[in-house]
Amino acid sequence: MNKKALIHIVYILLITLLAGIFFNISNPNRIQFVANEKRVDFSASDSLLNALRIQDSLQKAADSLLKLSGSREDSLRLALEKHKQDSILAANKTDSLKRIQDSVNAANQKKEDSIKNAQNQVTEIVKPVDIKIDFAKALFDKKYRFLDARDAADFNAGHIQGAMNIPFHEIEKYKDRLNDLPKDQVYVTYCSAACDVSIDMAYYMAKMGFKKVYIFHGGWDEWKAAGYPAN
Amino acid sequence: MKKLFENKYITIAARIILGAVFMYASFDKMAHPEAFANIIDNYHLLPYQLVNGLAIFLPWLELITGLLLITGTWVRASLMIYTALLVVFIIALSQALLRGLDISCGCFSVNPSSTSEVWLRIIEDIILLAVSILMLKYSPIDKKNLTENNNLINQTN
Chain A
22 MNKKALIHIV YILLITLLAG IFFNISNPNR IQFVANEKRV DFSASDSLLN ALRIQDSLQK
82 AADSLLKLSG SREDSLRLAL EKHKQDSILA ANKTDSLKRI QDSVNAANQK KEDSIKNAQN
142 QVTEIVKPVD IKIDFAKALF DKKYRFLDAR DAADFNAGHI QGAMNIPFHE IEKYKDRLND
202 LPKDQVYVTY CSAACDVSID MAYYMAKMGF KKVYIFHGGW DEWKAAGYPA N
Chain B
25 MKKLFENKYI TIAARIILGA VFMYASFDKM AHPEAFANII DNYHLLPYQL VNGLAIFLPW
85 LELITGLLLI TGTWVRASLM IYTALLVVFI IALSQALLRG LDISCGCFSV NPSSTSEVWL
145 RIIEDIILLA VSILMLKYSP IDKKNLTENN NLINQTN
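Those protein sequences? They're chains A and B, same order as listed.
This note's numbering numbers the first residue of the first sequence as 22 and each following residue consecutively.
This note's numbering numbers the first residue of the second sequence as 25 and each following residue consecutively.
Just so you know, these hints were derived from the structure itself, not from any lab.
You may find that some hints are simply not true.
DSSO-like, lysine-lysine: derived pairs with alpha carbons at most 30 Å apart [as the list claims (entries may be wrong)]:
1) K161/B with K24/A
2) K25/A with K26/B
3) K148/A with K196/A
Based on the sequences and whatever the hints tell you, model everything.
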């Protein structure tokens with residue numbers, strides 16, 4: 022390698038460095054010279070996530086109460102058959118059953134209220150939220166809309182059940198699909214596992230005014246591996 | 025091939041084509057550094073600290089290299105940088121293809137909706153790389169060589 026060429030390379034690199042610095046400083050679209058760390062913050066305090074957790078625990082409590090009431094009912098039936106003459110005892114048992122039924126109803130009411138509250142809070146959040154598969158499944162179970170950001174060929178090869186395909190690489194072409202969606206609803210974006218189009222699309226949607234967008238990071242690969250509903 | 029790249033006019037045409045490609049590729053990246061930084065980040069090759077720096081300086085390196093090639097200034101040095109950049113681009117694109125990364129190339133446009141088949145870009149870059157290497161090897165790209173070459177042609181005539 023000749024020495025002159027090496028000196029010229031150094032000159033070219035220096036000119037590049039200076040031009041880059043001056044242009045970036047004067048550019049209205051300038052960026053930081055050193056980027057901030059891009060962190061995926063899987064939400065632990067999201068309102069809807071909390072509501073679904075509460076709902077889950079309440080559901081378990083309600084199930085156990087119903088089970089308890091069922092077993093009590095069985096024992097009551099036996100008692101009634103064996104001791105038909107003991108009407109006072111039967112009345113007491115009926116009272117206790119009624120109380121259990123009331124507590125189940127109260128638990129169900131509380132569950133509905135917490136979901137309603139969470140849905141009311143939905144409009145407050147704009148920044149997309151990073152989620153893992155457990156929460157994605159919970160949102161799927163609540164019938165929220167999943168948006169597949171992969172290309173049509175990948176989508177057709179397999180996707181989360183009921184998902185809508187909006188290939189982010191052709192977003193201008195599919196923008197109308199996004200425009201048709203109500204902006205105050207909950208959406209979950211995903212792609213495959215090693216990809217970023219779901220993140221790009223979520224932020225694109227947030228900029229469009231969508232109020233609640235979740236990014237399912239495990240994507241189609243993790244969903245498929247878990248054996249969850251797919252088309 | 026040697027004879028072909030020793031031809032003055034072929035060399036000039038090749039320089040202009042190589043330079044124009046790099047210059048064209050640099051414009052959109054310079055105008056949208058943030059979008060280009062996102063594209064670089066999507067390749068998952070560099071630590072995040074280096075991504076913005078590369079997004080700022082790489083388009084300028086492309087522009088200056090392209091400009092020098094077209095004007096015929098510091099041609100050997102420009103071709104060396106050109107060759108090195110193309111090798112890096114080919115490696116980056118190939119690893120993305122092999123890893124199945126669903127990304128936008130960012131080769132000529134930073135628009136994520138720009139349709140660009142990665143394998144097609146790799147082929148393009150390989151062709152440019154071949155031309156660049158052949159020029160480095162055979163072309164009379166230094167002024168001294170050019171003069172010697174012209175003298176030889178004159179003597180032959």
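The hints, checked one at a time:
no.	hint	result
1	K161/B with K24/A	16 Å, holds
2	K25/A with K26/B	24 Å, holds
3	K148/A with K196/A	20 Å, holds
Of the hints listed earlier, there is not a single one the structure fails to meet.
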